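Undergrad: Sequence:
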Amino acid sequence: MDFIQISIGIAISFILGIILIPILIKLSYKYNFLDLPGKHKRHKKPTPIIGGIGLFFVFWITFLILKFTYPETFFEINSSILYIFLGSLIILLVGLADDIVPLSAWVKLAAQISSAIVIYLGGLQVELVSSPWGSVDIGNFSIILTIIWVIMLTNSINLIDGLDGLASGV
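Everything in the sequence shown is counted per the working numbering, starting at 51 for the first residue and increasing by one.
If you're looking for bench data, these hints aren't it; they were derived computationally from the structure.
None of these values were measured; they are calculated from a predicted model.
By construction, the Cβ of each residue, glycine as well, lies at the ideal position given by its N, Cα and C atoms.
Check the hints yourself; a few may be wrong.
With beta-carbon atoms standing in for the labels, derived distance ranges [as the list claims (entries may be wrong)]:
(1) LEU84 x SER180: 41 to 47 Å
(2) ILE75 x TRP110: 18 to 24 Å
(3) LYS80 x ILE56: 32 to 38 Å
(4) ASN205 x ASP52: 29 to 35 Å
(5) LEU209 x PHE109: 18 to 24 Å
I would like the entire structure built from these sequences, with the hints used as guidance.
TA: In structure tokens:
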């Protein structure tokens, strides 16, 4: 991807976010998809909980627009994209379920591992560990490191999202 393509992707995702987020906020209040204030919560008023849907759709719509606008740039990832989509869909659905009915840490961990395995099967794998002194092919440990990477990435975004709306800016 060149600078122009990246800039177009950023602009598309920004515009989609500006359009979609207010719609989701209205739907949250209309259908009571809200996180209510409590003694362990930072917010003082009900807060919409379906922001993950916005992130999911903004990302995938932007991807599809760029894919069809610049097919030569995205040619290599055609076979893997369905797996990445399914892995991200697992995380979205479990996140939504957790927002509505709190899930145990074990259920969320199982979902993250399942998502990581789906993504791994699609070919998105951590195969090398690099440093300034060289790279090491991790061979059979690739699946373990990929699972750990997906779990850490998912949980870091979840922690960032503790401040409402921050995850969408990252």
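Undergrad: Decide, hint by hint, whether the structure agrees.
TA: Hints versus structure:
1. LEU84 x SER180: 41 to 47 Å: 44 Å, holds
2. ILE75 x TRP110: 18 to 24 Å: Holds, at about 20 Å.
3. LYS80 x ILE56: 32 to 38 Å: Since the Cβ atoms of LYS80 and ILE56 sit about 36 Å apart, the hinted range of 32 to 38 Å holds.
4. ASN205 x ASP52: 29 to 35 Å: 33 Å, holds
5. LEU209 x PHE109: 18 to 24 Å: 19 Å, holds
Figure legend: structure checked against the earlier numbered hints; every hint is met.
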